[in-house]
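Trainee: Spelled out, the chains give:
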Amino acid sequence: MRKILLSFLLAVPVLGFSQSFQVNLQGHKQTAMGGAGAGLALDEAAVFFNPGAVSFLKKNGVQAGVNGIWLKTAFNETGSSITEYNKTKVPTPAAAYAVLGSPENRLRFGIGVYTPFGGAMHWKEDWTGKFTVTSLDLHAIYIQPTLSLKITDEIGIGGGLVYALGKVDLKRAVPYTSNGVQTTAQLKGDSKDFGWNAGIFIKTISGVSVGVTHRSQVTAKVENGDAIFSNAPSSVQPLLPTTFNATLPLPATSTLGFGFYPSEKTTIALDVNWVWWHAYKDLTFYYNNGTSTPSARNYHDAATFRVGIQNETTSFLTLRAGAAYALSPVGKGYVTPEVPDANRILLSAGIGLKPSERLGVDFSFLYENLKSRTETNIESGLSGTFKTVAYIPGVALSYKF
Amino acid sequence: MKSIYFYKSALALAVLGLASCKPSIDTITPSKGTADFTRYIALGNSLTAGFSDGGLYLEGQQNSFPEMIAAQMKAVGGGSFATPFFPADKANGTGYLKLTALTNGVPTIGKETMNLAIRGQVGAVTLYTKYTGEMNNYGVPGIKLIHARFPKYADFNGLYERLLPGEYGTNPTTYLDFATAKPWTFFSNWLGNNDILGYAAAGATGEAPTDKALFTNEYNAVINKLTSTGAKGVVGTIPNVTVTAYFRTVTLKTLLAAVNATPAGASVKDIYIQPGIGPARPATADDLFTLPLSSDGVIGKGQIPYGLHPLNPVESKYVLDKAEVVVVNDYINTYNNTIKSVANAKGLAVMDAYTVLNEYGAGKHVNGIPVSGAFIQGNLFSLDGIHLTPLGYAITANAFIAAINAKYGSSIPIVDVTKYRGVKFP
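If you're matching them up, the sequences are chains A and B in order.
Under my numbering, think of the first position of the first sequence as 1, with each following residue one higher.
Under my numbering, think of the first position of the second sequence as 1, with each following residue one higher.
FYI, nobody ran anything at the bench for these hints, they're computed from the structure.
Small disclaimer: the values here were computed from a predicted structure and weren't measured.
Do not take every clue at face value.
[As the list claims (entries may be wrong)] Some but not every residue of chain B turned toward chain A, in silico, with C-beta under 7 Å:
1) Ile-28
2) Ser-31
3) Gly-33
4) Leu-102
5) Asn-367
6) Ile-369
7) Ser-372
8) Ile-414
Using N, Cα and C, we set each Cβ at its ideal position, and we do this for glycine too.
Kindly generate the complete structure, drawing on both the sequences and the hints.
Mentor: Put into structure tokens, the structure is as follows:
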């Protein structure tokens, strides 16, 4: 059982998908609508998008969905004629939600399991940047039990406690060889930390709905993670550590969202996210041999602008589309190959199908295009151009009761 | 039925989307610019030959900077490039230094003596297995600029003699004539280091530096010959030998620490040196000690402890004292001014090795690899403390490529430095 669970978790890591290593694939209707939804009471994913809107959901329900992320990054070292590509690994982040309680009651319950942060970047073992990173698998799965209270017919508030399970697995080459074989280091560990998610949902007299939410920072602490060195020369081995401690802030996100309803069948969502990335100042590994490797990150806060539309075309079919623009929190000189972040455009589309009154199937497709970025990392000296695109299809099943 | 159709088409759309191509980056368009790399010849000393770890051996030859840049030149019309490699069964060439142990950070360095390419000995000159075949890399360890036009130089340098036809003592061909016997379209010239290195490395004892005016004269003569057929080229300046690991590993501080750690030497406060001029005196932080002072293990030995008493000071051959450092730097600066002005007059590219090695020696990350002038751990200098590791040569190769591209508008792609090693650890 543990093994199965473990293998499931290992399959989960995903590349950051909205900004840096933040992931925004928590609901398939919302994903298809440019990732907007804080100002809507759309479905069970409101547990994530706005706990205050959960009490406004017309029905109880459960949903589970999964995405596949085809991430394609190219790197061209400055002055080189060679373009290198990351390896194709398809992480499949999943999310599941349940909303319970009587829809007539003011108080409703929800639970969500989702992955708001992650990264999966795998380069070839002998690529140009191998001494900075060869692979990074990182994810944080949040488990969030939630309460939502409809204070009046117009105003709902909600909040949930977040239990965050983090996992990091970083590999890179170390500049030694043993009998001609490259020495490599692997740092892996996990973390268990707490946070919270809260929101307010308001239906205004004009018909526009408004959502304000805040997901707290979670400070992921890895203690006694494994530092594993392979093929180290025997003279170097006694100097190498075996464990490490590290802290990675998973930043807070504040969102202001609006819902517009031009017709009974049409919904437009508008969101602005503000991600408090400034907390990510450095990534320092403290080793048990008394050494540490501080690495400055100096991220700055960054916003994402999202717009989406859905149209219930027939009782069977709903069409969705959206777009977003995400500003990168990574400043000049701090771009690293494990998260080659840049400002990005997101385009999305989706269809929702209702084979029956209770059953729903939602498909989403998200395309992301990161601006090409030419940089010299101030720490590693790695200089070159990164270009990334991502294709992210997904599907979710929901059942209302 | 209808719903199945929808699922299928959605799946098909998704698959179509995923089949979309990878992102593309506009990389440099290969161009030779105004240069012609059809036949590239490399003139120089040990740094051109690929000398490393105190010896010339096959792995070092394969990782010489001319081999690296010639491989990159192929993208812009460069032709084949041959280095006078030692044969595989004599791959260890002259022999070389090996790190055999590293205990608590203290290295033990041994010597490779198997599979050498030695064919004989005439007086002080060791003779090596002859090389016959095509040649583009004419790097000869030990050669000075003033040897380039010196007849019978082969009688004094076995690593040059091995390249020439005929038995020892029968071939008076000068180095410059030999290297320019066949037409060439591009050259690199990195001669001049040994005109000062021998003086500096022996603590300013032994051979004198090449006279400055003579250096200018010879440099002009060599460059005039190399440009006489219209070929373009690149020249290298002379690195600052006083910042190499050879002079920066054994210091007053490390010597005192080692002495103080022994019971008898706990109270020792001074290391006495014999400077070039004047009586023995206590060493200061501005006096540089050579690497062999440590490996020879002489400190504290004898009735009057060596180096710890004015009557038995560290010999001058182990010390480049403060005044001698000034002399060495003056020669290097003068030589480099000559190199740069001659190159500028002829419109040649200049790889400023002096600046480049100062920069990397001071400590820098290269594609995530920490590089510095530190002995063994610095990845830049090989076990002799002066010559470079393959990684060091790769950094040099990229500096040459940058200089060539900047001068001639060419776009020779750079070398991937991460493919080359630093010091080999046991």
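Trainee: All hints are to be evaluated individually against the structure, with a verdict given for each.
Mentor: Now the hints, each set against the structure:
no., hint, result
1, Ile-28, "6 Å, holds"
2, Ser-31, "11 Å, violated"
3, Gly-33, "14 Å, violated"
4, Leu-102, "4 Å, holds"
5, Asn-367, "5 Å, holds"
6, Ile-369, "5 Å, holds"
7, Ser-372, "12 Å, violated"
8, Ile-414, "4 Å, holds"
Checked against the numbered hints above, the structure breaks hints 2, 3, 7 and satisfies the rest.
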